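This is what each chain is made of:
2 protein chains.
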Amino acid sequence: MKAGDLTTPALLADAAVLERNVATMSAARPGSTLRPHVKAFKCTSLANRLAEAGHLSFCCATVREMEGMAAAGLGNDLLLANEVVDAAAAVRLGALVAAGSARVTVAVDSSATIAAAVAGGVPEVLVDVDVGMPRCGCEPADAARLADDAQRAGLKVRGVMGYEGHVQHVVDADERAALAAVAMAVLAGAHAEVGGDVVSGGGTGTWDCNETVTELQAGSFVLMDGDYARLGLPFDEGLVLLTTAVSVRSGVHAALDGGLKAMAMDSGDPRLVDDYGGAASVLFCADEHTTVAGGPWKVGDRVGLRPAHIDPTMAKHEVLHLVDDATAGGDAEVVESWSIDLRGW
Amino acid sequence: MKAGDLTTPALLADAAVLERNVATMSAARPGSTLRPHVKAFKCTSLANRLAEAGHLSFCCATVREMEGMAAAGLGNDLLLANEVVDAAAAVRLGALVAAGSARVTVAVDSSATIAAAVAGGVPEVLVDVDVGMPRCGCEPADAARLADDAQRAGLKVRGVMGYEGHVQHVVDADERAALAAVAMAVLAGAHAEVGGDVVSGGGTGTWDCNETVTELQAGSFVLMDGDYARLGLPFDEGLVLLTTAVSVRSGVHAALDGGLKAMAMDSGDPRLVDDYGGAASVLFCADEHTTVAGGPWKVGDRVGLRPAHIDPTMAKHEVLHLVDDATAGGDAEVVESWSIDLRGW
Chain A
1260 MKAGDLTTPA LLADAAVLER NVATMSAARP GSTLRPHVKA FKCTSLANRL AEAGHLSFCC
1320 ATVREMEGMA AAGLGNDLLL ANEVVDAAAA VRLGALVAAG SARVTVAVDS SATIAAAVAG
1380 GVPEVLVDVD VGMPRCGCEP ADAARLADDA QRAGLKVRGV MGYEGHVQHV VDADERAALA
1440 AVAMAVLAGA HAEVGGDVVS GGGTGTWDCN ETVTELQAGS FVLMDGDYAR LGLPFDEGLV
1500 LLTTAVSVRS GVHAALDGGL KAMAMDSGDP RLVDDYGGAA SVLFCADEHT TVAGGPWKVG
1560 DRVGLRPAHI DPTMAKHEVL HLVDDATAGG DAEVVESWSI DLRGW
Chain B
1260 MKAGDLTTPA LLADAAVLER NVATMSAARP GSTLRPHVKA FKCTSLANRL AEAGHLSFCC
1320 ATVREMEGMA AAGLGNDLLL ANEVVDAAAA VRLGALVAAG SARVTVAVDS SATIAAAVAG
1380 GVPEVLVDVD VGMPRCGCEP ADAARLADDA QRAGLKVRGV MGYEGHVQHV VDADERAALA
1440 AVAMAVLAGA HAEVGGDVVS GGGTGTWDCN ETVTELQAGS FVLMDGDYAR LGLPFDEGLV
1500 LLTTAVSVRS GVHAALDGGL KAMAMDSGDP RLVDDYGGAA SVLFCADEHT TVAGGPWKVG
1560 DRVGLRPAHI DPTMAKHEVL HLVDDATAGG DAEVVESWSI DLRGW
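Chains as they are written, first to last, in this note's numbering: chain A, 1260 to 1604; chain B, 1260 to 1604.
No distinction is drawn between identical chains; accordingly, a pair holds when it is met within one copy or between any pair of copies.
SDA-like, lysine to any residue: derived pairs with alpha carbons at most 20 Å apart:
#1 K1557 - A1374
#2 K1557 - V1541
#3 K1557 - P1393
#4 K1557 - G1263
#5 K1557 - A1587
#6 K1557 - L1531
#7 K1261 - V1578
#8 K1557 - E1398
#9 K1261 - S1598
If you are wondering where the hints come from, they were derived from the structure by calculation, not from laboratory data. Note that the structure is predicted; figures quoted are calculated from it, not measured.
Chain A with its partners taken away, still in its complex shape (with noise of 0.2 Å):
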């Protein structure tokens, strides 16, 4: 099949770009010292490309991911890289455990958490350790703490982990490592007094200059996007909406048939595959049009979009198409359609 016969939008990845990312990603950090993170393409098939390159050890931020991951025989080691503090949530992630079907260690930085893995039946935990981005994780003079009280109430501390989420897009290499080795110092730290055999933290953004981690949390890499796509990684774009170019006003402008409810807008417009030159850019998106302008369109043409953020773009679709060439338009050949099916909560 064409990707020309997909009903637009659609959802289309580069099967020689995926390939390709993850050969580079699993050269620097092979087997389980990468833990790929399944939030940002929230699809068990994708996962098993990774699991078949050696990573057999899967990194998630919902219940539903890890239950996903669970019934598709991808629980050899699932982390829950985020608090839960829902009695309801527990269960079922502790149900997980009782069933045999994953490994499961979820992120404690309260009593409250350590207290709702204990009710729900879940065995191990990470202390999860604040360093530097105002979200999650407990100030680091509180590790030591937090790791003590979880071995009283019972659970096994695997050991830390720390995300430096607002260093993972800073353009400039250089600075970007300086700020990553900041932030992992805090987490070094709090890891010489908590123990164990795990480090985990990191993202695309410090794949190359995160020296501290045991386990790198990435999981952008795979497709990439407009955001990461500016700091020069040497992994490449691989994510397209394919839309039709439905009503055209010739040398005007055209309004493609996917919009803000197929592409995540938090990090900007997306952009054009083909520009031509620079002559022809993305205007405004709405609900189910992005207006372009300047292109040599006409009605019925099969046009690329690059998202700008990927792991939003994945969850607004139910199925991703890998195709052989992604810039192809419609001429693409389809080599398999998988059911993103991790979304939801």
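Please build the complex by placing chain B on the supplied structure of chain A, with the hints as guidance.
Below, chain B without anything else, positioned relative to chain A:
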């Protein structure tokens, strides 16, 4: 069931606000003078409430919405207010007509869209006219020719449509009305040449100043959002994302477990339902979290957020929970849970 028993993030709709907003709109635009726009809420259960209020004609933006509305028995008069050029999509629309499950009208603005309607077996069309927003719609001067072409091709031309989307969010009411009048003069001019019973257009922002349309295409008014709330319309905000504070740095910030995968970001950050007299505020949204500052929160608290844009927020969720008081956090009583069943394409 209490909202506090739901897994968060959970999307809540205030039952009383919904009822009041529908009553206000129905009083001004009764029966078929309102064609509610399904794209705003993507939920047949909510559409049923509008049907119960006497509105039996609906407006859709996607083929999936058309199919879902027909399947739910709401196919009395469905307008796809969007252009279709894809042959398979047109066939899906024609199948609804052939099955007798819907009256189907589609927007046309080019020879290609007329040809698709004919080929797909869609019997009725509106000529879509550009009234000032660069998206879909023909040049006004082309409307009569397209209507003739459609009629010669065997289609019934019911009239015209034109959406003054560039006017909807103008905050000043007088300026909004003046701009709407300019746009609608264009549509009235096209209508004079095309003929037909239907002049379709408008939205929540021009609900009381668009004097031209025979039917108003409004949807956001049902539950509103932060962007429309700035206009001071007599519709209340009724949509809340209920989250849980999963990590709290006392007196500094809290991380709530709903972020930009659960709320649309194209119109900016959400607001807190309760900002404690201005003492608390949203700092930023990440994929799975919203970081808020200044509140008295403790881990496990349920915290409500008001999304900035209703349409794409609804599209991110599987379920909308109708509650007695969406501002009551975890104490709200869940009256009904509605499937958001019209997502996708």
